[in-house]
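Protein chains in written order, with this note's numbering: chain A, 1 to 490; chain B, 1 to 761.
Derived from the structure by calculation, the hints contain no laboratory data. Glycine included, every Cβ here is placed at the ideal spot set by N, Cα and C. The reader is advised that the hints may include incorrect statements.
Residues from chain A shown here face chain B by an in silico Cβ test under 8 Å; the list is partial [claimed, not checked]: (1) Asp43; (2) Val82; (3) Ser104; (4) Gln133; (5) Gly150; (6) Ala369; (7) Ile379; (8) Leu383; (9) Asp384; (10) Gln463; (11) Ile486.
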Amino acid sequence: MLRFLLNDTLVESDELSPDLTVLSYLRDYQGLCGTKEGCGSGDCGACTAVVVSLVNDKLCYRSINTCIAFVGSLHGCQLLTVEHLASPGKLHPAQQAMVDCHGSQCGFCTPGIVMSIFALTKNHTRPAAASGQRDVIDQALGGNLCRCTGYRPIVDAARMALDACCSSSYRDTFSAEAAATIAQLKSLQSDDSTAHGAFYRPRSIAAVCELRAQYPDASILAGGTDLALLVTQRHRKLKQIISLQHVEELNYCTERDAHWCIGAAYPLADFQQHFEAQCVDIGALLKRFGSTQVRNRGTVGGNIANASPIGDLPPLLIALRAQLVLQSSVEQRVIAIEDYFIDYRKTVLRADEILVEIRIPQSSLPAAADGPIVKIYKISKRLDDDISAALAVFQLTMKGAEVSSLSAAFGGMAAVPKRAVALEQVLTGKPLDEAVLALADAALEADFKPISDARASEWYRLQVCKNLLRRLAVEVNDSRTATRVIDYVG
Amino acid sequence: MSGDSRAQDSAVKHVTGAAVYVDDISRTSDQKYVAIGGSSIACGQIESIDLTDVLASEGVTDIVTVDDIPGHCDIGPVFPGDPLMTSGAVDFMGQAIFAVLADTADNARRAVLSANISYHEETPLLDIQTAIENKIYVRPPHRMQRGNAQDALPDAQHRLAGVMTVGGQEHFYLEGQVAIARCDEDGGVHVQSSNQNPTEAQKLVAEVLAIPMNAVVIETRRMGGGFGGKETHANASCCFAALFAVRNRCTVVCRLSRRDDMIMTGKRHNFQNRYEAGYKSTGEIEALCFELAGQCGSSPDLSDAIVDRAMFHSDNAYYLPNVQIDGLRCKSNTVSNTAFRGFGGPQGMIAMETVIDEIAFSLNLDPLDVRKRNFYGETSRDVTPYHQQITDFNVPAIVDQLEIDSDYRRRREAIIAFNKSSAILKKGIALTPVKFGISFTATHLNQGGALLHLYSDGTLHLNHGGTEMGQGLFIKVAQIVSAELGLAVERIKVSATRTDKVPNTSPTAASSGTDINGMAALRAARELKQRLLSHVTETFDCAESSVQLSAAGVVLNNKVVQTWSELAHSAYMARVPLSATGYYKTPEIYYDRDNARGKPFLYYANGAAVSEVIIDTLTGESKILRADILHDVGQSINPAIDIGQIEGGYIQGVGWLTNEELVWDAGGRLLTDGPATYKIPAISDVPEQFNVALLADSPNAADTVMRSKAVGEPPLMLAISVWSAIRQAVAAATDSVAFPQLNAPATPEEILRCLSALKSR
Ligand SMILES: Cc1cc2nc3c(=O)[nH]c(=O)nc-3n(C[C@H](O)[C@H](O)[C@H](O)COP(=O)(O)OP(=O)(O)OC[C@H]3O[C@@H](n4cnc5c(N)ncnc54)[C@H](O)[C@@H]3O)c2cc1C
Ligand code: FES
Ligand code: FES
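In isolation and in its complexed conformation, chain A is listed as follows (with noise of 0.2 Å):
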């Protein structure tokens, strides 16, 4: 039975097909037409909606794409649409500022964006003008696409919204209702039930292995914001689908023998806020990994799993030296994760496996005491919520002037995220100077053949990845010097 409350109304259900998605549920079943459909693969936010779960008992908001979420993975949640937002007579004030800043032209955006502000406004409790703002703003709105406003208007309004609802006074219908969502969602988590028709919703790693066994081609569901694609935009029907959501042993990072390890369905929103902490860099690529939607539902196993070339975890992971836990009902083995992508999308993984954990060695973080430094750089044509056209990582330590050692790794150069084995040799115990970065070029063109494709030619692929060693150089060697417009004010 799948069991969760839209707005106020608790639904219970067993038919839904388990690829259903909440978009087409809330449009196509539910006749709640405010939440739009502006592409159906998660890149436009005009389906935006917010799921709220109980987190130590605390309600927590998280805006997702309701096109590329399953309506399965509602179970146990409320899930807030625009309709539900204004109490009678009073718009919410994520609603009003918009209303008041002029926000809206068209207004097909328009609900996505009033939904992505007001789970700011429920995030983020210090007024905008206290804050870093823009910054924390364009978080929050990266994913939600305008084609007519110029954003000026939605900028100013999330501001006024934060304002508002950060008053010590304010408390909106929803904190004012807290308690009884807490109770109700709570008598939602007592059910024990662990499927609605083929949507399986295994607790242990141990179920997932055993249904995995009895449902070969059943499909593993994580955050579903790569998945989700085969249904939406290849129009694939997924008859099973097991998820790994209710598994509480897959989501978590904790500290264990010098590592930090990762379970595999830990979402990229809190390995974002655990690993800011730990290195800048970090904390900018994850910025800028989807957006806030994609993050709040995507997993790091998902995105090592789906075995792209151009995802933006494995080639930092590669980097770091991280290693990878990969388990089938009968044994356990760890791997070191440049080991597990073998040709395009395919990788060590065996069918009856899932990957359990991901494993970085402290020291590999600029935290660590005498820790290394880690550069990242992440070059795509859009700001927000784009796909890498390349991603260089290094992870390097300096003696003096020589690279001591250094790790690095790059996608979108290969048909897998790939280590630059000829690069680091050539680099380790030289510095970095004009000399040893015309042998580097070489080089780099040993490790890499790219190609050209809708993100970028094999020319700018490769060019590009000679002119980060330069950055890197400038970075390591100089700090005064400026190299990112992202981070460019003045």
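We have chain A already, so just place chain B with the ligands on it with the hints.
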């Protein structure tokens, strides 16, 4: 009241999710869904079509091919060339061959994938240069000229020549193409469509179904964005929905998936612009030749007028004593390109701004000084290449004011200093003006109509021929009517555009929405007001001069003597007709295309922008640091709406010129067929400092509605300042060894390519 920054008519409905778009119209149980099957090659002949598996797919109830069209197959808006479906020649990838009807949209889309179609494939024509070399055009070339550029060029003190490519642009309206059709008891249809051009859709649906126009009603309440993409390319969805609705006597929705929308509907034309200029050491242009070649795609669509508009705007704000402009309409095996905000104007204007930049570069002058030196004059130097006399030219005043307000000169100096000390990041700044001609260049389209009903409770129903796509037309027209009648805006109900209310309308395009429909509504209101005033003077036996209509009602000698409901009721009882129509046609304009002379534009809308950018010379990444805009909207009817158009237009133009890149493969397949690969601006692309102002005290000298100026398209071209600033930064990064041959869009890759080319010189 006019001049009020009222919210968009549906603002509250937008934020609550209550605004109904076509796909939100409540579902009926007999509703069915269309998917279109397109060709998988770009050029060739269909050899066989086997749809057995499609028909056998889950949920499929009907299929149509060309043979099932009762009437016309061609839905070309001006010239033939756009078959609704093809069974023979294939002209672009994704061209419709069949369509299916199924119980769900998903089933329809899945069914399409199992078609078996074989082709005789030919080599597709995919680029402008090949089309020019082989003279393969969708319409004949056209020339405009004044003076004698060919003779004047050799005599000029300095000369330069160049070629640049300008990319196209996907509209990416957030709401894709969609129509829903229901058949009526007489075999006619009612189609609700997201459409800028209901009358055209009505005509085409009638022709396709072989029924009279009076059997077809097209209704458009609102669009989730149009930008030109729903001027002609919304019609196919209407025709498919109507065709299936009539065949199956059920309700039919035709909504393209985003991917189909991007593959099957036209975009902004990409251009290849050649220029040759002769000029003095002061920077003053003596002679200029342009060859502006637009890639039109598979058919003429609106390309004749679009390339014309590129030509009309290739002078931008500058006087060209000897000028020759050739416009070419190149054919290609790609989807037929179409209207997009600016309608070719931007592609022509950018050529001119490039010439100015290159002249300034060659003479080592501030480009702003070269711009000023070449501006049209008020009394002499005031004739365009198409022989229209320029009047009321306020570009120099706008530019002077913006130069001061934005602190342009000081910032330019600061940037030169910054660039000397910053090794990797380089900045650029540019101030560019916009002069954009207002009126349809097809003279007959410059007409508008409106319909007002005053009901006996004193509320008003307002309808006109313009469509609402987010630009705020409905609230602006309501404000105009309110100001004229004295009736509060709250008492005015704006209503869906319908071909059975106001007939034979023009598309909502060419920025003309308010100009023509607002004026028509004003005239209807004036007529209604006159009738009401006569009635009041009779009732109260008073002189008309002592009566006023205000929001409170009838004011006689400064006292309210009747509320609006009392007035309306008493007028009704006295048998005063309370319904009025209004009609407007733009005066004065004419154009003799054969001789390329005339006055195609009633007036010009002007503005200017200063943009400051920073680029990374290692990666080609760029960012706008600050933008300052001063724009002339005449006397604003609604400043908030106008500013919204300016900001939105600027950012949309920034997308066109920076990161929005359309990529096709060698077989003619669009690779950027979704938002995952095609990147329109997102929120971080908006500069931290973004100052937008309306030019104060500038009523339109032309007799337009409330002396306002059109605002839809012109601001898009303000973004040329960004592109120009990027080039300044590239030049600074390469010690100005040569003029940077920067193409548009200036993606990171294009910027790096340009830098590399200059560095290897
Ligand atoms: C709009 C948008 C933007 C995006 N931007 C980025 C970006 O900037 N950078 C980037 O790298 N990616 C991006 N992605 C891709 C995607 O979001 C990420 O790859 C994400 O990490 C996938 O995680 P998920 O949990 O959603 O995976 P899912 O979709 O749930 O799963 C992906 C695949 O992995 C399998 N799988 C998942 N977990 C496991 C497991 N534990 N064991 C075995 N198999 C498993 C699934 O069966 C499926 O085949 C974007 C996607 C979208 C839609
Ligand atoms: S519809 Fe575009 S993100 Fe969901
Ligand atoms: S208001 Fe039209 S897309 Fe945002």
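Evaluated hints:
no.: 1; hint: Asp43; in the structure: holds, 4 Å
no.: 2; hint: Val82; in the structure: holds, 4 Å
no.: 3; hint: Ser104; in the structure: holds, 4 Å
no.: 4; hint: Gln133; in the structure: violated, 10 Å
no.: 5; hint: Gly150; in the structure: holds, 3 Å
no.: 6; hint: Ala369; in the structure: violated, 31 Å
no.: 7; hint: Ile379; in the structure: holds, 6 Å
no.: 8; hint: Leu383; in the structure: holds, 5 Å
no.: 9; hint: Asp384; in the structure: holds, 4 Å
no.: 10; hint: Gln463; in the structure: holds, 6 Å
no.: 11; hint: Ile486; in the structure: holds, 7 Å
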